[in-house]
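Protein chains: 2
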Amino acid sequence: MLATMLYAPGDVRVEERDEPVIQKPTDAILRLTATCICGSDLWPFRGLNDVSSPMAMGHEYCGVVVAVGSDVKTVKPGQFVVGSFVLSDNTCPHCRHGFQSSCEQREFMTGGQAEYARVPLADGTLIATDTMPDDDLIPSLLAASDVLGTGWYAADAARVQSGSTVVVVGDGAVGLMGVLAAKQLGAHRIIAMSRHKSRQDLALDYGATDIIAERGDEGVARVKELTQRIGADAVLECVGTQESMQTAINCARPGSMIGYVGVPHGVQFDGQALFFSQTGMIGGPAPVRRFLPHLLDLILTRQINPGRVFDLELPLADAAEGYRAMDERRAIKTLLRP
Amino acid sequence: MLATMLYAPGDVRVEERDEPVIQKPTDAILRLTATCICGSDLWPFRGLNDVSSPMAMGHEYCGVVVAVGSDVKTVKPGQFVVGSFVLSDNTCPHCRHGFQSSCEQREFMTGGQAEYARVPLADGTLIATDTMPDDDLIPSLLAASDVLGTGWYAADAARVQSGSTVVVVGDGAVGLMGVLAAKQLGAHRIIAMSRHKSRQDLALDYGATDIIAERGDEGVARVKELTQRIGADAVLECVGTQESMQTAINCARPGSMIGYVGVPHGVQFDGQALFFSQTGMIGGPAPVRRFLPHLLDLILTRQINPGRVFDLELPLADAAEGYRAMDERRAIKTLLRP
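Just so you know, the sequences run in chain order A and B. FYI, the numbering for the first sequence is 833 to 1170, going by the numbering used here. FYI, the numbering for the second sequence is 833 to 1170, going by the numbering used here.
In case anyone wonders, no lab produced these hints; they're calculated from the structure. Some clues are possibly wrong.
[Said to hold, decoys possible] Pairs of lysine to aspartate or glutamate residues, derived as EDC-like cross-links and limited to a Cα-Cα distance of at most 16 Å, are as follows: (1) B:Lys905 - B:Asp955; (2) B:Lys1015 - B:Asp968; (3) B:Lys1056 - A:Glu936; (4) A:Lys905 - A:Asp859; (5) A:Lys1056 - B:Glu936; (6) A:Lys1015 - A:Asp1037.
Only chain A is shown next, with the shape it has when bound in the complex (with noise of 0.2 Å):
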């Protein structure tokens, strides 16, 4: 079959290798309908990631059903499934407690961008739709597999509610996708903060209010000026950079709290001025599987269109063309079709 594999910086290639095979009970196969290119892929791509080996690429994935170990028991081959990028077993404490994300089992899918692909843990990790979906779906279903759960998961984070004022850092797709969790949780105001024509025109189809151009301290200004010097009820942070959860804190008022998803490069926090600031904050990788099946419904009732995200759709085959459409700001995200 065909798989993405990272051999070095900028060195993306698709290549033929074997087929994946059950190696555990609680594993099952995939044939993917579609798959996509994650920012945190850019890393390795970018260097900032050691590549210590070839590595086969990918964490966002739909697909049917091929093959299932002995003990899995809630997916079965045929059926259209999606997964979270988390693999997880769904029922240890932290699973039971809505972080499936810290899973006592938790592994990080691998081999996505590929044609077919092994998920662990599969009856943690899967949902099953009662019958394949339609077509056009599939960008929105493969959406929630990552990138629509980790957004969902930074409103949730921030306890967006209805009436929040709520500020989005950072206008790449999980962010867009923010935009869009806020407008669902029942936000009243929602502030994009955006460079990009393109994204902001998707952040205001998805409920965006106002658009915040600046960045730093005359963004931080601008979200003042739109509060009544207040700041948010809440701020999604969807970057990772000292200087985006920088403007997280200063917009954020006094008892809000700050949903941090973007992983964290190179960011230190002052504990005295986190402390003055009375921001609360609290991140980490999405617990999308919690999500999931709402999130699911959500798409298959054509409520949400998160979909929309994908500006770029290629053959597997051009995942290099992906990757470099994306480092070079030329696309939000990719999908891929095997």
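Dock chain B against the given chain A, drawing on the hints supplied.
Just chain B now, with coordinates in the frame of chain A:
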């Protein structure tokens, strides 16, 4: 009148000063019934904060109103009042959100270790009792001014609820009040980290179910043992050092909240480590005013007895000995009678 002044580290003097007068129409003047020494007063006493000129010490207070400014509407001369150590208008947006400690007009109380004190923003800061309270309730009412309200905020910030497993890091007065608050908020299990017999005993009296004497990694290991390796649902951090904050993070289960009320001194958080711990945190100076009506009700109806945290009572004139006793850990907390 007598007032307590800090001239330099270790140099506390109780000396004759002018009585305070109304300076603004929102002020009240109190004749203090009782005041006390705070753990945070020890920072400048120990030379950890700068002391540039003689400082009027004391921010915890209760007493009888002797004069009010022309704008004061909710308290009047002759009434017994308790006030927050943070002065607030209780009307600004942050106050209305319950974060009076980030009030737009915030000031911190000073000069409370004296016979009389001026309380700015009296309407937004003070609560009057219906009648003159019994003398044996004075220590508890005084505790509400800061230490009880701060422990209560730690529990509230950590979202302690019915059935929670709670860890309290720190066995100072605030930590002990955190134990009391967790008990009142319905915690099922309260693990107090304490190495001192007298504090362990008081923690147990206030509702602790388990005592852990170990610190650092050993202490965390004991918490994990006691919680079937899950960690706590809520952690109250009542110290403010790098070690105590790290202990709090390591004790907390993914998805839990840490309420941190020990003012961080030299504390840095690594963003990525915090992210992957998936623990939430919110801290800051306690919005005592939010809790004050409820706390006074609990005290006046004798449902709680936070005043037991005072294990040394001295005349105001002997304040210097009170500082030394706390500095040398001979006392948990010193009450001063003007």
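* For the pair supplied as a hint, Lys1015 of chain B and Asp968 of chain B, is the alpha-carbon distance within the 16 Å limit? -> Distance of about 23 Å is beyond 16 Å: violated.
* **Satisfaction of hint between Asp1037 of chain A and Lys1015 of chain A, Cα-Cα up to 16 Å** => Answer holds: Lys1015 of chain A to Asp1037 of chain A is near 11 Å, not above 16 Å.
* 16 Å Cα cutoff - pair Lys1056 of chain B, Glu936 of chain A -> Holds: Lys1056 of chain B and Glu936 of chain A sit about 14 Å apart, inside 16 Å.
* Straight-line alpha-carbon gap Lys905 of chain B to Asp955 of chain B, limit 16 Å -> Judged against 16 Å, a Cα distance of about 7 Å means the pair holds.
* To do: For the pair we were handed, Lys1056 of chain A and Glu936 of chain B, check the Cα-Cα distance against 16 Å.
  => Distance ~14 Å between Lys1056 of chain A and Glu936 of chain B Cα, so the pair holds.
* Asked: Holds or violated: Lys905 of chain A with Asp859 of chain A, Cα cutoff 16 Å?
  -> With Cα atoms ~11 Å apart, Lys905 of chain A and Asp859 of chain A stay inside 16 Å; holds.
Comparing the model with each numbered hint stated earlier shows that hint 2 is the single one that does not hold.
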